[in-house]
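Student: Residue-level listing of the chains:
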Amino acid sequence: MDFSIQITGLVALYIFMLAAFAGWVIIGHVPAILHTPLMSGSNFVHGIVVVGGMYALLNASTMQEQTIGFFAVLLGAGNAAGGYAVTDRMLAMFQTSGHKPAKHNHAKGSRPKAV
Amino acid sequence: MTMTSIAQLIIGTTDLAAALLFLYGLKRMSSPVTAPSGIFVAGLGMLVAVLAGFLYVFDVGAAAKPHLMVNVGLGVVALIIGGGPAWWAGRKVAMTAMPQMVAIYNGMGGGAAGAIAAVELFGGKASGTTQLVATLLGALIGAISLSGSLIAWAKLQGVIKKPPRVRGQQYFNILVLLGTLAVAGYLVYVTQGTSSQLLPTPQLIYLFFGCALIYGILMTLPIGGADMPVVISIYNAATGLAVGLEGFVLGNPALMIAGMVVGAAGTLLTLLMAQAMNRSVANVLFTNFGGTPKHKAGHIKGSMKPTAAADAGIAMRYAKSVIVVPGYGLAAAQGQQKLYEFVKLLLAADVSVKFAIHPVAGRMPGQMDVLLAEAGVPYDLIFQLDDINGEFKTTDVTLVIGANDVVNPAARTDKSSPIFGMPILNADQAKQVYVVKRGQGKGYADIVNALFYADNCNMVYGDAAAVMAMMIEAVRGLGAKAAA
Numbered sequence: 001m002d003f004s005i006q007i008t009g010l011v012a013l014y015i016f017m018l019a020a021f022a023g024w025v026i027i028g029h030v031p032a033i034l035h036t037p038l039m040s041g042s043n044f045v046h047g048i049v050v051v052g053g054m055y056a057l058l059n060a061s062t063m064q065e066q067t068i069g070f071f072a073v074l075l076g077a078g079n080a081a082g083g084y085a086v087t088d089r090m091l092a093m094f095q096t097s098g099h100k101p102a103k104h105n106h107a108k109g110s111r112p113k114a115v
Numbered sequence: 001m002t003m004t005s006i007a008q009l010i011i012g013t014t015d016l017a018a019a020l021l022f023l024y025g026l027k028r029m030s031s032p033v034t035a036p037s038g039i040f041v042a043g044l045g046m047l048v049a050v051l052a053g054f055l056y057v058f059d060v061g062a063a064a065k066p067h068l069m070v071n072v073g074l075g076v077v078a079l080i081i082g083g084g085p086a087w088w089a090g091r092k093v094a095m096t097a098m099p100q101m102v103a104i105y106n107g108m109g110g111g112a113a114g115a116i117a118a119v120e121l122f123g124g125k126a127s128g129t130t131q132l133v134a135t136l137l138g139a140l141i142g143a144i145s146l147s148g149s150l151i152a153w154a155k156l157q158g159v160i161k162k163p164p165r166v167r168g169q170q171y172f173n174i175l176v177l178l179g180t181l182a183v184a185g186y187l188v189y190v191t192q193g194t195s196s197q198l199l200p201t202p203q204l205i206y207l208f209f210g211c212a213l214i215y216g217i218l219m220t221l222p223i224g225g226a227d228m229p230v231v232i233s234i235y236n237a238a239t240g241l242a243v244g245l246e247g248f249v250l251g252n253p254a255l256m257i258a259g260m261v262v263g264a265a266g267t268l269l270t271l272l273m274a275q276a277m278n279r280s281v282a283n284v285l286f287t288n289f290g291g292t293p294k295h296k297a298g299h300i301k302g303s304m305k306p307t308a309a310a311d312a313g314i315a316m317r318y319a320k321s322v323i324v325v326p327g328y329g330l331a332a333a334q335g336q337q338k339l340y341e342f343v344k345l346l347l348a349a350d351v352s353v354k355f356a357i358h359p360v361a362g363r364m365p366g367q368m369d370v371l372l373a374e375a376g377v378p379y380d381l382i383f384q385l386d387d388i389n390g391e392f393k394t395t396d397v398t399l400v401i402g403a404n405d406v407v408n409p410a411a412r413t414d415k416s417s418p419i420f421g422m423p424i425l426n427a428d429q430a431k432q433v434y435v436v437k438r439g440q441g442k443g444y445a446d447i448v449n450a451l452f453y454a455d456n457c458n459m460v461y462g463d464a465a466a467v468m469a470m471m472i473e474a475v476r477g478l479g480a481k482a483a484a
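Sequence order for the protein chains is A and B. Each residue of the first sequence is one higher than the one before, starting from 1 at the first, in the numbering used here. Each residue of the second sequence is one higher than the one before, starting from 1 at the first, in the numbering used here.
Honestly, the hints are just simulated from the structure, not real lab data. Since the model is a prediction, treat every value here as computed from it, not as a measurement. Take the hints with a grain of salt, since some may be wrong.
What the hints assert, rightly or not - Covered stretches of chain B (in silico footprint by chain A; criterion: 3 or more residues with CB under 8 Å from a CB of chain A, positions within the stretch not fixed):
#, segment
1, 3-17
2, 67-79
3, 100-112
4, 176-183
5, 369-382
6, 455-469
As the list claims (entries may be wrong) - If we take Cβ atoms under 7 Å as the criterion, some of the chain A residues that face chain B in the derived model are:
#, residue
7, 9
8, 75
9, 77
Each residue gets a CB set at the ideal place from its N, CA and C atoms; glycine is no exception.
Next up, chain A with everything else stripped away, as it sits in the complex (with noise of 0.2 Å):
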C-alpha cells in the first residue's frame, strides 16, 4: 500500500481555506484578557516548522543543503521550545479570586518535554 501524500494545487486550497476558517472562528471567541498567552501560543503551534525542517535536514546531500537544512531544525526548534515554555509560563498564571493564587508554580511544576 502507498501511503505517500500527494496534495495538488486545489487540494492545498482546500485545505489552506478550512484552516483558515477554522483560526479565524477559534480566534474570534477568545476574550481580550487572554491575547497576549494567545499570540504567544499561536507563536508556538508555527514552531511545527521543525519537523519540516527534519525532513529538509533528513533528506539533504550535499554540504550546502545539510548546511542549511541544520538551521531549518535549530530554528524550528527554537520557536517550538520557547514558544511552549513563554505560553505555559503566562497561562498558569491566571487564577480566579476563588483559588489560592499558585504563583511560580511553573518553576516546580513545569512539565517535560522533549523539543
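Place chain B on chain A using the hints.
Tutor: Okay, now just chain B, sitting in the frame of chain A:
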C-alpha cells in the same frame, strides 16, 4: 508492507493527530479556565509530530541515503542546541520582556521556513511552477518575518532607540520589495529552461534571500516603538503563512493546517489590535506615527497639581469605589505586587476595587492582564474597556498608575491630537483621579495628556513601586491608630 510505507503511515497519522491537537489546544486557550491545559494539548501534538519526524529516515531519496547517519546526528544536535537555550530563556525571561521574547521566537520560525525553502531551491527539488512559486512566496514571507522580528526585538529591548527616518524611505522600500519580486519572477522564468541566464541560479537565490531580508529590516525600521505589538502580531501571522506554504511544498498537511490557522488567527488578532488603537494596519505600517507635529501644550487649561502619596492612599481607603487603570509604567517599575497588596487592603476595608485594562495597555495586547495575573490579581477583578467604561461616571476614585495615552481625553475631544478617535478609558469621569507617574514627561507616544491638567486630577510623582509602598504604609497606619 515495506518499511517506507509503514513509516509514511505512522507519520501521516501522527501529523493528523498533531493538527487536531493544535486546533483543540487553541480552542481550549479561548477561556482562562481551560487555557493552561490548552497549551499542554498543543504541546503534546508538537511532541508526537517531532518524534514521528525521525521516521523520515525510512523515506529519504536515494541521493540522501549515504548521508543518513550524519543527517540524523545533525538533526539531534540542532534540536538540542536550538530548543534547549530557547526553552531555558522562555522559563527565565521577565514578564515585562515577553513581547521581545515572542518576537525572537517568531523570527526563528520565519527563519526556519526560509531555510526549508532554501534547501528546496538550492537542491532544485521544487517541481513545477506552482510548487516553485509557493516555495519562493513562503521564503519571501519567512525571510521578511525573520529580519523584521529581529528589528522589532531591537526596538523593544531598547537597542534601537529612535526610529530612523529619511525622506522618500517608503518609496525606496517599495523599490526593494519590487526588486525582490523581480528576482523571484526571474528565478521562476529561468527554471522553465531558458538557454542564457543573467546570473547562475545559486547566485540568484542568494540575491533573492538578501533582498528579502533587507526589505524586512527596511520595512520595520521606521515604525515607532509604540506600534511594535501590532508589528509582532503581523509577523506572527506572516510566519504562519510561510510555514503553511512550505508545508504545501513538502507535501505535509500538518504544516499547512497549523501554519494557515496561525496565519488567519494572527491576522484577526492584528485587526483587533489596530481597531483598539483606532488605526488601520496600513496606517501602522506606512505612516510614521510619532513623527506627526506635536500637540501644542497651549491648548490645555489648568495646571498639574501634585499631591502626597499618603494623602491619595487614605482618600482611596475612605472611598466607596476605586477603579485602577494600570499601564506599562507600573510593570517597568515592578510595582504590580505592591499595587495588589494595596488593593487587598482596600478590599479588606470594603472598598469596591476593579482593574480597567485598555486593549493596548502594555506593549502587547493583553500583556497587562498577564502582568497582573503574575502578581496574583484574580482575573474576575480585571475588566476590559467596553465592560467598564460606563462605570467611571459613578466611581469615586480612579487610580491611574503608569498609564498615559490610554486615558487621554484628547482622544475624545481634540481633533488635532494624533490619537483623536482612539477608544480610551474614561478615567477623567470619576469624581477624583490620582495619577501615579515618574515625572512630568509624556507617554510612549509622546503626546501631552489633558487629563493631568483637569480640575479633578492630582498627580502623585514617584516610582510606582515606591508610591504604592507609601500608600500601603499610610493605610496600615490608619488601622494601627484605630486599634490603639
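Student: Confirm or reject each hint.
Tutor: Hint-by-hint comparison with the structure:
With 5 residues carrying a beta carbon less than 8 Å from a beta carbon of chain A, the segment 3-17 of chain B meets the three-residue requirement, and the given coverage holds. Counting residues of the segment 67-79 of chain B whose CB lies closer than 8 Å to any CB of chain A gives 10, so the stated coverage by that chain holds, three being the minimum. By the rule of at least three residues with a Cβ nearer than 8 Å to a Cβ of chain A, the coverage given for the segment 100-112 of chain B holds, with 9 such residues. Counting residues of the segment 176-183 of chain B whose CB lies closer than 8 Å to any CB of chain A gives 0, which falls below the minimum of 3, so the coverage claim is violated.
With a threshold of 8 Å between beta carbons, the proposed coverage of the segment 369-382 of chain B by chain A holds, since 10 of its residues qualify and at least three are required. Residues of the segment 455-469 of chain B lying with their CB closer than 8 Å to a CB of chain A number 0, which falls below the three-residue condition for coverage. The beta carbon of residue 9/A is positioned within 7 Å of a beta carbon in chain B (closest approach about 5 Å), and the interface hint is therefore held. The criterion of a C-beta within 7 Å of any C-beta in chain B is met by residue 75/A, whose closest approach is roughly 4 Å, and the hint holds.
A least Cβ separation of about 3 Å between residue 77/A and chain B falls short of the 7 Å threshold, and the interface hint therefore holds.
The earlier numbered hints that this structure contradicts are 4 and 6.
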